[in-house]
Every structure is written in structure tokens, then in C-alpha cells.
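A.B. asks: With the hints as constraints, model all of the structure from the sequences given.
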Amino acid sequence: GQQVMQIPQYQHVQEGEDFTTYCNSSTTLSNIQWYKQRPGGHPVFLIQLVKSGEVKKQKRLTFQFGEAKKNSSLHITATQTTDVGTYFCAGKYSGGGADGLTFGKGTHLIIQP
Amino acid sequence: DGGITQSPKYLFRKEGQNVTLSCEQNLNHDAMYWYRQDPGQGLRLIYYSQIVNDFQKGDIAEGYSVSREKKESFPLTVTSAQKNPTAFYLCATKSPGQGAYGYTFGSGTRLTVV
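One line per chain: the protein sequences are A and B, in this order.
Using the working numbering, the first residue of the first sequence is number 1, and each one after it goes up by one.
Using the working numbering, the first residue of the second sequence is number 1, and each one after it goes up by one.
I should point out that these hints are in silico values taken from the structure, not numbers from a laboratory.
Don't take each hint at face value.
Claimed, not checked - Quick partial rundown of chain B residues pointing at chain A, CB under 7 Å, derived from the structure: (1) Y10; (2) Y33; (3) P39; (4) L43; (5) L45; (6) Y48; (7) G102; (8) S107; (9) G108; (10) T112.
Unchecked claim - No farther apart than 27 Å at their CA atoms in a straight line, the calculated lysine-lysine pairs in the BS3-like style are these: (11) K57(B) to K36(A); (12) K105(A) to K57(A); (13) K105(A) to K83(B); (14) K57(B) to K71(B); (15) K92(A) to K71(B); (16) K105(A) to K57(B); (17) K57(B) to K9(B); (18) K51(A) to K105(A); (19) K70(A) to K57(B); (20) K70(A) to K105(A); (21) K9(B) to K36(A); (22) K70(A) to K92(A); (23) K92(A) to K36(A); (24) K59(A) to K105(A); (25) K70(A) to K57(A); (26) K70(B) to K9(B); (27) K57(B) to K14(B); (28) K57(A) to K36(A); (29) K36(A) to K105(A); (30) K105(A) to K70(B); (31) K92(A) to K57(B); (32) K56(A) to K70(A).
Remember, it's a predicted structure, so these values are computed and weren't measured experimentally.
For glycine and all other residues, C-beta sits at the position ideal for the given N, C-alpha and C.
C.D. replies: Here it is as C-alpha cells:
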């Protein structure tokens, strides 16, 4: 079936350093969404990217969607302790098959003060 | 206060038992989903429903069943046929339209087989 690969699985950074997580799909995505899950919590929607080459910013977070709509990245500038959690990308495939999103396995962000 | 309520928060099941996880929403969303999350894994789709009285299997439906008799409710039954049911179960809804608001998740139910 369709898969979304996400790397790295874990990322340790010092507070104030930057962080990036990457997602790749072997087939073209209709759109891609990003979610954050705090430890012990549930995923919370961050953003959706739809257009080829799209870049969106939310304060220190920058989201990109590749030109071929097969990859995406999330970059956090100057991490803070509040950024701790797991970041998931979730791709939506067009055409037939099950509805719903295909999630990557997530990147766990661990911040050392 | 709009949202999704999942209950119970923690559930313990004995071998061979069926258990039902509740998911109730007051967001007036048509589409509802059940996902399973295992440690170190992403979320995997179990079942989804786009309208009342209709639902479809997701990627890992075996050993699970659902019903959608009301718009607000989408309960998930974990049957004894599910060989490895210990996991974190998340219910979600999706707003109508272009989906720019993403999926809204409930706080989840942690199921453990004892």
C-alpha cells in the first residue's frame, strides 16, 4: 500500500538549535498535513499544504511541500522546550482506495535545556 | 464547548473479551475516523464513516467492528479476533469542505489486554 516515510525517528537538540523533519512518498500526494502530539496527548493539527512548491510559516515553524508533491518538510527555528513532542506528517492520496490520511511514523523531538 | 469525547480513557480487556470504545462529537462533522497508534508507529486507519449508516474498512480493519447509527456517535468494538489489541485508539473527525482545518482528534483510549 501507499506509505509515507518520515525521518529522523528521533532528534535530540539543545534548546535554541534548529530542527527539521522530512517526509517522503513514493507516489504523488493530493495534500499533506502536519500534526504535533505532546507526550501523553493526542495529535493536534498544525497545517495543510496543497500546492506544488508551497511554503507556509507559523512563527518559528516553516512548512514546505515539494515541487513534485511527493515530499515535505517541517523546520523549527531556535527550538524551545514547548516544542517537545512528536511531529507527524500525514499524506492524502487522490483517486481510489480508503479515505483518511496516511501517517508517517513521526519524529520525536527531544530538547535538552 | 465543541469537541470529541472518547471514553473510557483507560480500558483493560481480558483475553477473549469484546470491548467497545466510545466516540461522541458535537462538531456536527459528517466524517469520522478510528485510528490505532502503537509505540514508535504512526497512526493506522481502522474504519471510517462519511455519513450516517455507512462506514468503510481502513487499512487494518480485521478484528474490529463499528456502527454509525447517529451523526454524533461512532463506537468501535475490539473483538476477540483482534490478536494484538493493546494500543492507543484515537477517534477523529474532519470538517466538511476543502479540509483546510485538518482532522480533530479526541483524547484517546488506551486499551490493555491483561
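A.B. asks: Now tell me if each hint is right for this structure.
C.D. replies: Against the structure, the hints:
no., hint, in the structure
1, Y10, "violated, 12 Å"
2, Y33, "holds, 5 Å"
3, P39, "violated, 10 Å"
4, L43, "holds, 4 Å"
5, L45, "holds, 4 Å"
6, Y48, "holds, 5 Å"
7, G102, "holds, 3 Å"
8, S107, "holds, 5 Å"
9, G108, "holds, 5 Å"
10, T112, "violated, 15 Å"
11, K57(B) to K36(A), "holds, 26 Å"
12, K105(A) to K57(A), "holds, 23 Å"
13, K105(A) to K83(B), "holds, 22 Å"
14, K57(B) to K71(B), "holds, 18 Å"
15, K92(A) to K71(B), "holds, 24 Å"
16, K105(A) to K57(B), "holds, 21 Å"
17, K57(B) to K9(B), "holds, 24 Å"
18, K51(A) to K105(A), "holds, 23 Å"
19, K70(A) to K57(B), "holds, 25 Å"
20, K70(A) to K105(A), "holds, 16 Å"
21, K9(B) to K36(A), "holds, 20 Å"
22, K70(A) to K92(A), "holds, 11 Å"
23, K92(A) to K36(A), "holds, 17 Å"
24, K59(A) to K105(A), "holds, 25 Å"
25, K70(A) to K57(A), "holds, 20 Å"
26, K70(B) to K9(B), "holds, 22 Å"
27, K57(B) to K14(B), "holds, 25 Å"
28, K57(A) to K36(A), "holds, 15 Å"
29, K36(A) to K105(A), "holds, 12 Å"
30, K105(A) to K70(B), "violated, 32 Å"
31, K92(A) to K57(B), "holds, 16 Å"
32, K56(A) to K70(A), "holds, 17 Å"
Hint check: violations occur at hints 1, 3, 10 and 30; the rest are consistent with the structure.
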